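J.: Since each chain comes alone in its own frame, lean on the hints to assemble the complex.
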Amino acid sequence: MAHDDPDTHPAFDIADQVEALESLLVAKGLVAPDALDAIIATYETEIGPQNGARVVARAWSDPAYKARLLVDATAAIAELGYEGRQGEHMVAVENTPQVHNLIVCTLCSCYPWPVLGLPPEWYKSNAYRSRAVIDPRGVLAEFGTHVPEAVEIRVWDSTAEIRYLVLPQRPAGTDGLNEEELAALVTRDTMIGVALVQAPGA
Amino acid sequence: MNGAHDMGGMAGLGELPLQDDEPVFHARWEARVLALTLAAGAWGKWNIDRSRHARERIPGPDYLAMPYYGKWCAGLVRLLLEEGMVSAAELASGRPDPSAAVATPRFTADRVAAALRRGGPTIRPLDCQPRFELGEAVRARNINPEGHTRLPRYVRGHAGVIERLHGAHVFPDDNAHGRGENPQPLYTVRFAARDLWGPSAGPNDSVRLDLWEDYLEPA
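If you're matching them up, the sequences are chains A and B in order. Counting from 1 along the first sequence, just add 177 to a position and that's the residue number in my numbering. Counting from 1 along the second sequence, just add 8 to a position and that's the residue number in my numbering.
No lab work stands behind these hints: they were computed from the structure. Treat each hint with caution, since some may be false.
One-sided excerpt, in silico: chain B residues whose CB lies under 7 Å from chain A [claimed, not checked]:
#: 1; residue: Val41
#: 2; residue: Pro113
#: 3; residue: Val120
Given the structure is predicted, the values throughout are model-derived calculations rather than measurements. In this text, a Cβ means the ideal position worked out from N, Cα and C, and glycines have one as well.
If we strip away everything but chain B, and leave its shape as in the complex, we get (with noise of 0.2 Å):
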């Protein structure tokens, strides 16, 4: 979709928020969604691509000047809501309602080191003949989904080269919306900055994304 989350190249959205010695929580709130975050999500429910797009659909104001861990506590009501994990009443009382059942956390703290260091691997065998050489040039094909996607705009339309295949990985757009993984090759594709920015880009400076074939096509 193109949300206000799909930002590189605009200009205006502030200052760089520098800061020395910064804590690696600002606040108990922020560590507190972090971790729900990650405790919710080890039910299985929902994958990073879900995930990720629950916080891409915050209206654009708000996703702009929210802070960080704020988007991700959005995102995680939104997800729990979903998929019926905890009901709109309950948010509003801050209550279990009592007629519903109480489950049992499989995610207890002993299991959280190997989960974390386990974490969510998202290559998949590659069982096809990848359609794009090292050394290729292709273009960012010039499409607007209006669900997930992870191809920014402004790289779409924009000729590149294919400069390594990373194998087959899951493929964002159809796994964020139950489509399935439907694993695809995902290509680094290098772009010259000056051709995605014009002649105010470094002469020599280049831009390289991780793309999956789908969003790819000759150039």
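Isolated chain A, as found in the complex (with noise of 0.2 Å):
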């Protein structure tokens, strides 16, 4: 197979092609390589879920933090020190006994940034954005996550610049938990509603 052949080498060419864009916009001053390197080294250190697992915990924690978030999520998460690109403005759902909460971007890729970071592959896959309207259950079925026939999905499509951070249920046994062990338990799959939070041990 010839390294030309795009469609049998697709990493490689892609890869070569991306490298050369950026010593092409380099070269024309449209483009600073230290800003490029300071967005990857922010996503991939400073804004991840570890946001987001904080605001749940201080929820739970706080009854007073919890009624702003649900009321004003974009304050209330500006509170903690997160705010910006793709979390401009946010609402927070909560999970209830009665009520599960599942967030997907049906049209590309919507994801609220500040709080939960770059999204996964799978939620950005063509599978996930054409099922989880149509088969929420089955969606959270491959996740290992089964909700009662009683209690209410709601789906939350992206469609808009509004980005929704879900507010899982907080586990039993977990009482004696100070809020950094608490935000511990809150994975990133919990706050997009695929997933349920663990009690610890489990």
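T.: See below:
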């Protein structure tokens, strides 16, 4: 197979193509390489689901904070220092024994970056985008998550610039945990709604 | 546009690519594409709606097959060409046209943190009376715009209920095409899953979308 055949070496080909594009844009003075590095470092280290986990842990620990979060999530999340690109207009939706929330973007890949970072591959996949709205229970089952029939599943399709964060249910047996310990239980998937927070040791 | 990107409700589009301990980027080029897109976008030559539409205009078979950041790369190249920031000849050769001016990047590393923290809010003053009230029954209009829209096919023609007003937001159908921001009321609309999908859907389940006023009519 020749290396110039894009059908047989797509990964090789696109890596080369991107490198050439970057070189061209740098040579033309259209982008600064150190700015590119800074953007990447931000999303690899600073902005990720650890931020959202702190928001959830605070809401579990502080009823007044939770109330603010559910009324004006953008402001409540900014209290913890998280704000900006792809989280300009936040809404938090609460899971309860009666309601389970699930977030999707069927049209592209809208996702609350300041609290969850960049979306995982599955969230951006054709399979998730197409199925989450029509078969949420089937999708959840593939994540090993089973929601009783009597529980209402609310699917939120992120069609505008409103970004959603699921406030998962606090598991039983966590009364003695502090915020840091609670945050450690909260995974990315629980804040998208494809998983439930597990009690420690579960 | 009724493109391949508008895939809510479709079947047969592959498996969920689940993986444990997934890295933020799977390869160096993915990270570079993300960063190039944000840095080039900082010139302000296009807006988020236009950049989404650039990706939507990737031919359907390619759109469905391409890796995620491959679509971003294709969208970025299209916008750079449309704005004349690069030429087809430069892309082909990989070298700048020696007769073209060289710019000085304004979006430097020291500006990244503040720019990401600022983002790009799309809310605007609400200077009209919203047409619909909370709890009101509405219907998603049966429209099939040739250009960019954020009204998915799977709700068109279906009835729902106004659940929340988000104020006025930039209207993507206009903003993507250089026709101005034309902000208008944005609502969360609740659709019963059975109204959308029929009896196979869960009886209590629902789907909510954020829809602009022009997408809706009284039910």
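J.: Taking the hints in turn, state whether each one holds.
T.: Consistency of the hints with the structure:
1. Val41: With Cβ-Cβ at 6 Å, under 7 Å, it holds.
2. Pro113: 4 Å, holds
3. Val120: 4 Å, holds
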